[in-house]
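Chemist: Fit chain D to the supplied structure of chain Z, relying on the hints for placement.
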Amino acid sequence: MKLPFRIALRFLKSSKGQTLLIALGIAIGVSVQIFIGSLIQGLQKSLVDTTIGNQPQITLKSGNEDKLITDYEDILGSITDNEPEVINLSVAADGPALINIDDDTYSILVRGFDIEEADSLYNIKESIVEGEVPESDYEVLIGIDLQTEAGIEIGDELDVLSSQGDNQTFTVTGIFNLGVASLNSSWTITTLETAQDMFGMEDSVSSINMQVTDVFAADAIAASIEERIDNEELVVENWKAQNEDLLSGLNGQSVSSLMIQVFVMISVLLGIASILAITVVQKSRQIGILKAMGIRDKTSSLIFLFQGLLLGVAGAILGVILGLGLAFVFTKFALNPDGTPVVPLFIDPIFIGASALIAVLASVIAALIPARKSSKLDPIEVIRNA
Amino acid sequence: MHNSIIELKQINKIYGTAVKTQVLYDLNLDIKEGSFNSIIGQSGSGKSTLLNIVGTLDKPTSGEVFIDGRRTDQMKKNELADLRNRTMGFIFQFHYLLPEFTALENVLMPHRIIDERVSRETIDRANELMNLVGLEKVKNNLATNMSGGQQQRTAIARALMNNPKIILADEPTGNLDSDTTETIYNLLRDINEKFKTTFVVITHDRRIAEKADRIIEIKDGKIGMDI
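Going line by line, the protein sequences match chains Z and D. In terms of the numbering used here, the first sequence is residues 1 to 386. In terms of the numbering used here, the second sequence is residues 1001 to 1227.
Hints are not guaranteed to be accurate.
[Unchecked claim] The calculated DSSO-like cross-link candidates involving lysine-lysine, where the alpha carbons are at most 30 Å apart (straight line), are: (1) D:K1032 - Z:K376; (2) D:K1211 - D:K1009; (3) D:K1165 - D:K1137; (4) D:K1020 - D:K1009; (5) Z:K2 - Z:K298; (6) Z:K298 - Z:K16; (7) D:K1137 - Z:K13; (8) D:K1137 - Z:K298; (9) D:K1059 - Z:K373; (10) Z:K298 - D:K1211; (11) D:K1137 - D:K1009; (12) D:K1137 - Z:K16; (13) Z:K376 - D:K1077; (14) D:K1076 - D:K1137; (15) Z:K376 - D:K1059; (16) D:K1020 - D:K1137; (17) Z:K240 - Z:K125; (18) Z:K2 - D:K1137; (19) D:K1076 - Z:K373; (20) Z:K45 - Z:K125; (21) Z:K2 - D:K1076; (22) Z:K45 - Z:K332; (23) Z:K2 - D:K1219; (24) D:K1020 - Z:K376; (25) D:K1077 - Z:K2; (26) D:K1211 - D:K1020; (27) D:K1165 - Z:K376; (28) D:K1165 - Z:K298.
Quick caveat, the hints were computed from the structure, so don't treat them as lab data. On a predicted model such as this, the values are computed, not experimentally measured, just so you know.
This is chain Z alone, in the form it adopts within the complex:
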């Protein structure tokens, strides 16, 4: 194995320009692959993140008439114990209500959270644009759109009419902006106890919400939760079932990105194969004399396989550097007005490693054709046609 490797290395070294050209060809293929892959993955990640990043990805609701989950502590316990992928688990007590301000009535959704727990899911604290988190009962956060529409200020007391017909008074402690207009105009966030008390839920909640570490596994985890709890009255929802359009869009993107990558790799492969085929002709004299000296056909073909391997490795390393450079330049210069990158790239070491490995494999495969030619070369052809 050492001799063909030595010869391959020497052949490559002796025609540096040609070697550099092939390695560069592979490198450009690899870099395009890495760049496009990282771009599409980044795009998908940011899309998924903005769409469902601050939303429950799995929700448990009651199918009962009163829409209440009573034994939620048990369910929470069973989920934390058995589903390691579940994160940001929290409960909510929700109910519709009306606010009267002057002569106008605004319809709101009162959401009672354990705010510390729910914060990790909805990112409540960071969304507060003014004021503070409610600390006592009957203190609320309202959305920025409701605030501007109704002209509410922090510290105002709101008259709230619950769906049960009870009148309550809420004190506004802060304003949030969750980035979604419908939430900003209807959600009114308060403590869990407030909502339970207001809607007469006693110790029940209306939903159990959670996120998962791998958002694309949400459906599988949801199914496993449903099976474990085995409660006919509970409905387990997951974001994938509710966002089919988004999912098919993401799928389309993945497929087209894969197609681009495959065709880039094929064109690189053909390029290497044709150049290496020429090098066999260039080196036929050397192969002929080596065979006359007793080198075996297999060894002579290994020379070209090693050339492919060496070129592939060099091209892959160069390509990874080039691709990451390209990605870096892109995130530095393709910017939104606020200075954030247009598309945040997602650098996945496994994907980059796989791209590099594929390039190396492709180069070796491309070298099979010249290797075969080299193996078949008859020394007498070379000797006779001196």
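Modeler: Relative to the frame of chain Z, chain D by itself:
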């Protein structure tokens, strides 16, 4: 047995499938071990074909070839490759060094083909051979950075590397000047006497041929004269 190292029996060689050209006709030849033989003949007479058949690079259309007592015309390609590596050294008119390697590396190449480990003794032997052909000073030059005579002497050192029983040379001095030619032939004769290596040398130069133990003339694919 009269210890012949090369034995050709009833060799015919026909080239081409559509248009057949017969180059060798029922040729019989014995070469004794340790002898220095020259082959002469006009171009197209079949002498190079004969040498290539002896060197197992080419196969006869019919007939039997024995090298060192082993029949080669029916051997497999890998067996032939090993046989060439161990028992034969080639010297061609156009040197055929590997231009990517230095002179010394070229000389070591036949050894590397059988054994990838190169010991101190092997390198010493290669150096000795370089001294023998008078190239100790340029042994680390790339093959392309040497004169024609130096390249041919390197090829001779390379042919000797595995201590072969036979050295086959096809017009080894064909494109060298007469002084260099003289040096090369004296060198080949010295080697023949020193190592008892069998030589089969094709030459068109009668003066050179006359220095051989035996002159074989090939004429129209047959042996014309044999002295």
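Chemist: Can the restraint linking D:K1137 and Z:K298 be considered satisfied, given a maximum Cα separation of 30 Å?
Modeler: violated (35 Å)
Chemist: Keeping to a limit of 30 Å between CA atoms, is the pair of D:K1020 and D:K1137 held or broken?
Modeler: Given pair D:K1020, D:K1137 is violated - Cα atoms ~50 Å apart, limit 30 Å.
Chemist: Quickly compare the C-alpha distance for D:K1076 and Z:K373 to 30 Å and report which way the hint goes.
Modeler: holds (19 Å)
Chemist: CA of Z:K2 to CA of D:K1076, is that 30 Å or under?
Modeler: Roughly 24 Å between the alpha carbons, so the hint for Z:K2 and D:K1076 holds.
Chemist: For the pair we were handed, Z:K45 and Z:K125, check the Cα-Cα distance against 30 Å.
Modeler: Holds: Z:K45 and Z:K125 sit about 23 Å apart, inside 30 Å.
Chemist: With a cut-off of 30 Å on the C-alpha distance, tell me whether D:K1211 and D:K1020 pass.
Modeler: This hinted pair is violated, its Cα atoms lying about 37 Å apart.
Chemist: Does the structure keep D:K1137 and Z:K16 at a Cα separation of 30 Å or less?
Modeler: holds (27 Å)
Chemist: Are D:K1059 and Z:K373 close enough, with their CA atoms no more than 30 Å apart?
Modeler: Since the Cα atoms of D:K1059 and Z:K373 sit roughly 21 Å apart, the hinted pair holds (cutoff 30 Å).
Chemist: Given the hint that D:K1020 pairs with Z:K376, does the C-alpha gap stay at or below 30 Å?
Modeler: With Cα atoms ~24 Å apart, D:K1020 and Z:K376 stay inside 30 Å; holds.
Chemist: For the pair supplied as a hint, Z:K2 and D:K1219, confirm whether the alpha-carbon distance does not exceed 30 Å.
Modeler: violated (46 Å)
Chemist: If you draw a straight line from the CA of Z:K2 to the CA of Z:K298, is it 30 Å or shorter?
Modeler: With a Cα-Cα distance of about 13 Å, the restraint between Z:K2 and Z:K298 holds, given a limit of 30 Å.
Chemist: Between D:K1076 and D:K1137, is the straight-line Cα distance small enough, at 30 Å or below?
Modeler: violated (41 Å)
Violated hints, listed in ascending order, are 1, 8, 10, 11, 14, 16, 23, 26; each of the other numbered hints is respected by the structure.
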